[in-house]
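Chain by chain, the residues:
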Amino acid sequence: SQQGEEDPQALSIQEGENATMNCSYKTSINNLQWYRQNSGRGLVHLILIRSNEREKHSGRLRVTLDTSKKSSSLLITASRAADTASYFCATGGNDYKLSFGAGTTVTVRA
Amino acid sequence: DTAVSQTPKYLVTQMGNDKSIKCEQNLGHDTMYWYKQDSKKFLKIMFSYNNKELIINETVPNRFSPKSPDKAHLNLHINSLELGDSAVYFCASSQGLLTGELFFGEGSRLTVL
Numbered sequence: 001s002q003q004g005e006e007d008p009q010a011l012s013i014q015e016g017e018n019a020t021m022n023c024s025y026k027t028s029i030n031n032l033q034w035y036r037q038n039s040g041r042g043l044v045h046l047i048l049i050r051s052n053e054r055e056k057h058s059g060r061l062r063v064t065l066d067t068s069k070k071s072s073s074l075l076i077t078a079s080r081a082a083d084t085a086s087y088f089c090a091t092g093g094n095d096y097k098l099s100f101g102a103g104t105t106v107t108v109r110a
Numbered sequence: 001d002t003a004v005s006q007t008p009k010y011l012v013t014q015m016g017n018d019k020s021i022k023c024e025q026n027l028g029h030d031t032m033y034w035y036k037q038d039s040k041k042f043l044k045i046m047f048s049y050n051n052k053e054l055i056i057n058e059t060v061p062n063r064f065s066p067k068s069p070d071k072a073h074l075n076l077h078i079n080s081l082e083l084g085d086s087a088v089y090f091c092a093s094s095q096g097l098l099t100g101e102l103f104f105g106e107g108s109r110l111t112v113l
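Just so you know, the sequences run in chain order A and B. Numbering-wise, the working numbering puts 83 at position 83 of the first sequence, and it's gapless, one number per residue. Numbering-wise, the working numbering puts 48 at position 48 of the second sequence, and it's gapless, one number per residue.
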C-alpha cells in the first residue's frame with residue numbers, strides 16, 4: 001500500500017508565485033525525500049530530511065517535517081516555468097524501501 | 001555519461017508475449033530497484049537487489065522475474081504479458097540499503113495490446 005499521500009493532486013500558479021504542497025504518511029520513518037519528475041522523464045532527487053530534522057533548505061526549496069503529525073511540506077519560492085513537473089514525496093523506513101505517493105502536478109503559467 | 005540507463009525506452013507488444021527490460025548503472029552503487037508507475041502516476045516498488053542478492057520482492061506476480069548478473073546490472077523479464085502490465089517501469093540505484101537518495105533511469109514505457 002502507498003505510504004505518502006500528496007496534497008493537492010494538482011496546482012496551477014503564476015510565474016513568480018510560491019508553490020506549496022503537502023505530504024502525509026502513516027508509519028514511522030527514518031527519512032522523507034522529495035523528488036521531481038518532468039513529463040516523460042525519470043524522477044530526480046530534490047531533498048532529503050531526516051526524522052530528527054524539522055526544516056531543510058536547498059536553493060528555492062524549503063522542506064518541513066512534523067513527525068508528530070506525520071506530515072511534510074515542500075515550498076518552492078519564486079516559481080519558474082521550468083518548475084512545471086510532478087513532485088513526489090517518498091518515505092524511508094527500516095524496511096529497506098522508499099515508498100512513494102502519487103504526486104502533485106504543478107503547472108507554472110508564464 | 002548516463003548514470004542509470006535502461007533499454008528499451010518503449011515496448012509495444014501483444015498479450016501473451018515475453019519481454020525484457022535491461023538496466024545498468026555506472027555510479028558504483030550496490031543496490032538496485034525496479035519500480036512500476038501506473039497511469040495515475042502512482043509509483044510502486046517491485047524488487048530491490050543489494051550486491052546481487054534479492055532484498056525486496058513485493059507482491060508481484062511470478063511472471064515477473066528480476067535478474068542481477070552483477071552489482072551494476074538489474075534486468076526485468078516479464079512472461080505471458082497481460083493488459084494490466086501496461087505501465088512505465090523505472091530502474092533506480094542507491095548506495096546502501098537504508099533508503100538514501102535514489103537515482104532513477106528515464107523509464108521504459110510498456111504497452112500491452
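Don't read these hints as lab results, they were simulated from the structure. Idealized CB from N, CA, C, for every residue including glycine. Don't take every hint at face value.
Unchecked claim - Non-contacting residues of chain A with respect to chain B, defined by C-beta distances greater than 12 Å in every case (computed): (1) L11; (2) Q14; (3) T20; (4) S24; (5) Q33; (6) L43; (7) G59; (8) S68; (9) S73; (10) S99; (11) G101.
As the list claims (entries may be wrong) - Here are the computed distance ranges between Cβ atoms for each label pair: (12) B:N57 - A:D66: 42 to 52 Å; (13) A:E53 - B:S39: 30 to 40 Å; (14) A:G16 - B:P61: 46 to 56 Å; (15) A:S51 - B:S39: 25 to 35 Å; (16) A:E53 - B:N26: 23 to 33 Å; (17) A:A110 - B:N57: 39 to 49 Å; (18) B:Q95 - A:Q14: 16 to 26 Å; (19) A:E53 - B:S5: 42 to 52 Å; (20) B:Q14 - A:S51: 28 to 38 Å.
Now the hints, each set against the structure:
1. With 12 Å as the threshold on Cβ separation, the claim that L11 of chain A sits away from chain B holds: the shortest Cβ distance comes to roughly 14 Å.
2. At roughly 24 Å from the closest C-beta of chain B, the C-beta of Q14 of chain A stays outside 12 Å, upholding its exclusion from the interface.
3. The claim that T20 of chain A lies off the interface holds: its Cβ sits roughly 19 Å from the closest Cβ of chain B, which is beyond the 12 Å cut-off.
4. The claim that S24 of chain A is not at the interface with chain B holds, since no C-beta of that chain comes within 12 Å of its own (minimum 15 Å).
5. Look at Q33 of chain A: its CB is around 7 Å from the nearest CB on chain B, not clear of 12 Å, so calling it non-interface is violated.
6. Residue-level check failed: L43 of chain A sits 4 Å from the nearest beta carbon of chain B, not beyond 12 Å.
7. No beta-carbon of chain B is positioned within 12 Å of the beta-carbon of G59 of chain A; the least distance is around 16 Å.
8. Consistency note on S68 of chain A: stated as away from chain B, and its beta-carbon is indeed over 12 Å from all of that chain's, at 21 Å minimum.
9. At roughly 20 Å, the least C-beta separation between S73 of chain A and chain B is larger than 12 Å, which holds for a residue marked as non-interface.
10. Non-interface call for S99 of chain A relative to chain B: violated, since the shortest CB-CB distance, roughly 7 Å, does not exceed 12 Å.
11. Look at G101 of chain A: its CB is around 7 Å from the nearest CB on chain B, not clear of 12 Å, so calling it non-interface is violated.
12. Evaluation of the 42 to 52 Å hint for N57 of chain B and D66 of chain A yields a failure: the beta carbon distance comes to about 33 Å.
13. About 34 Å separates the C-beta atoms of E53 of chain A and S39 of chain B, a value consistent with the hinted range of 30 to 40 Å.
14. Our hint of 46 to 56 Å for G16 of chain A and P61 of chain B holds, since their Cβ atoms are close to 48 Å apart.
15. A C-beta distance of roughly 32 Å is found between S51 of chain A and S39 of chain B, which places it inside the suggested range of 25 to 35 Å.
16. Range check, E53 of chain A to N26 of chain B: Cβ separation about 31 Å, and the 23 to 33 Å hint holds.
17. About 46 Å separates the C-beta atoms of A110 of chain A and N57 of chain B, a value consistent with the hinted range of 39 to 49 Å.
18. The hinted range of 16 to 26 Å is not satisfied by Q95 of chain B and Q14 of chain A, whose Cβ atoms lie roughly 39 Å apart.
19. About 33 Å separates the C-beta atoms of E53 of chain A and S5 of chain B, a value inconsistent with the hinted range of 42 to 52 Å.
20. Q14 of chain B and S51 of chain A have their C-beta atoms about 47 Å apart, which leaves the hinted 28 to 38 Å range violated.
Checked against the numbered hints above, the structure breaks hints 5, 6, 10, 11, 12, 18, 19 and 20 and satisfies the rest.
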